[in-house]
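Q: Sequence:
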Amino acid sequence: MDIPRIPEFYAGKRIFITGATGFMGKVLVEKLLRSCPDVDRLYVLIRCKKGMSAAERWAELSNLPCFERLHKEQPGAFLNKVTVLDGDVRNERLGLSEENYDLLVKTTDVIFHVAASVRFNDPLPEAIRMNTFGTKSVVDAAVQMTNLQVFVHVSTTYCYCNKCSVVEEKVYPVDMDWRTVLDINQNIDPVSFDILGQKFTDFAPNTYVFSKALAEQIIDDYKDRIPVVIVRPSIVISSWKEPMPGWVDNFNGPIGLIVAGGKGVIRIALSDPEAIPDYMAVDVSIKAMIIAAWKASVPRGAKKLGNVEVYNSSSTSAKSISNRELLEMSRDIQTEMPLHETLWTPSYAITRSFAMYRIRSFFAHFLVALLVDTLLRLIGKSPMLLKIQIKVQNAMVALGYFTTKEWTFKNDRFRALNDAVLPSDREDFDFSFDTLEPIDYFRIATAGVKKYLLHEDPDYQPQAKRKAEWLVILDKVVRYLISFGLFYWLSRRYVSA
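Residues in the sequence shown are numbered from 1 upward in steps of one, following full-length UniProt numbering.
No wet-lab data here; the hints were simulated from the structure. Beta carbons: idealized from backbone N, C-alpha and C, even for Gly. Errors might be hidden in some of the hints.
[Unchecked claim] Here are the in silico distance ranges between beta carbons for each label pair:
1) LEU370 - ILE473: 24 to 34 angstroms
2) LEU454 - SER353: 45 to 55 angstroms
3) LEU370 - MET329: 30 to 40 angstroms
4) ASP86 - ARG377: 43 to 53 angstroms
5) ASN394 - GLU336: 36 to 46 angstroms
6) PRO383 - GLN144: 53 to 63 angstroms
Turn these sequences into a full structure, and let the hints steer you where they fit.
A: Take a look at the structure:
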């Protein structure tokens, strides 16, 4: 039997997507509609939020830059091929009406379960409800779907980071049964459950990791009833190529560090200088997800039960770079293309000690923030830097468990997905990044940050460069004056004594 091309496989398919309004979800929707133009229907589950209905939220997304290419190449697809379902994975039967639930169960061919809370500091009950119970709600619907060919569950490479430093492409056991956790979460008050969190989470670094590990257990337990695939992205950041180079919609991970460091807000970073972090371009992971679903379903109509194919969507390779190299690279890029409205020239040190980080950040961050905010008050403006520094420190400490350690994510199966792509699909679905140099990618990411997050005017770049050059000079002058003043004070104090 001839193997269908990827667009041929998706032709006529009805696809259910959770998390379509999130970072990865938007790129998934865009890629499916643009590169698989004969797809029949995308069902996107969206909840009402901030006074906006599900349909209104979806309509608002149509104006985002990430969909500009889709609108040009497939006019009308964004609205004509998408059915918005008003619901919530945190509720029984996905919070759907009877009519929409029946529609989903009777017609869905493929599921991409992307919805998740990625906040590390969520209270345990909230993380469990979203990431674990949410997965169970989607699975409950999946087992009723007679046409279902594959269920793609999006997890994280860090699910078992507190258990092993080398993570293979397999589901690991955890000490706590997901049924027990869901039962406790439903029957105990949230405050008590949160207090007991460390015991229940087996001392996982945060509630996100624990709740996602439990979600994988659910998927594994249902592998005999539904055809399932797990794709585990590492830290997902800016796009490499699609829908356009450098697209990003959040300040998570190293993107926040690029911005805060580039603007002179961060002077000291909590990180192991020699540890090698793992980042993944969002479009690489999305292509891998689409290919994984196709591969699990060929030959056409195949349903592979009893096994879970796991793919670590990670960048572990010979070209991986350390945190020290990443920061040095970031400084070089910021010299080439400085951010606008910087407070000071980018320059920061690294420490892996939590205690040393707090001490040094007090002097390098908080005292400076107090001084700047005081000056702002004196000239009649609202203080803002101290609030920013508090947020930065909270984020840095929350990430500290990950930035001060190193993991190896085995990704042989993930890389083999790219080898499975037919030659006729290479142009649209090849995701090999072997030829991509880290500095070239982070140039793309920085340009994306400037355009899509900071909305900087490119015409201002020459002025930004001149300002950056003056700040370098000013930084050296201030350092010289401080050193000279300290030397003068010490000499006066001890010589006169």
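Q: Would you mind marking each hint as holding or not holding in the structure?
A: Against the structure, the hints come out as follows:
Between LEU370 and ILE473 the CB atoms are about 25 angstroms apart, so this pair conforms to the stated range of 24 to 34 angstroms. Taking 45 to 55 angstroms as the suggested C-beta distance range, the pair LEU454 and SER353 does not conform, at roughly 32 angstroms. For LEU370 and MET329, the hinted distance range of 30 to 40 angstroms is satisfied, since their beta carbons lie about 31 angstroms from each other. Between ASP86 and ARG377 the beta carbon distance is about 46 angstroms. The supplied range of 43 to 53 angstroms therefore holds.
For the pair ASN394 and GLU336, the supplied restraint of 36 to 46 angstroms is violated, since their beta-carbon distance comes to about 30 angstroms. A C-beta distance of roughly 55 angstroms is found between PRO383 and GLN144, which places it inside the suggested range of 53 to 63 angstroms.
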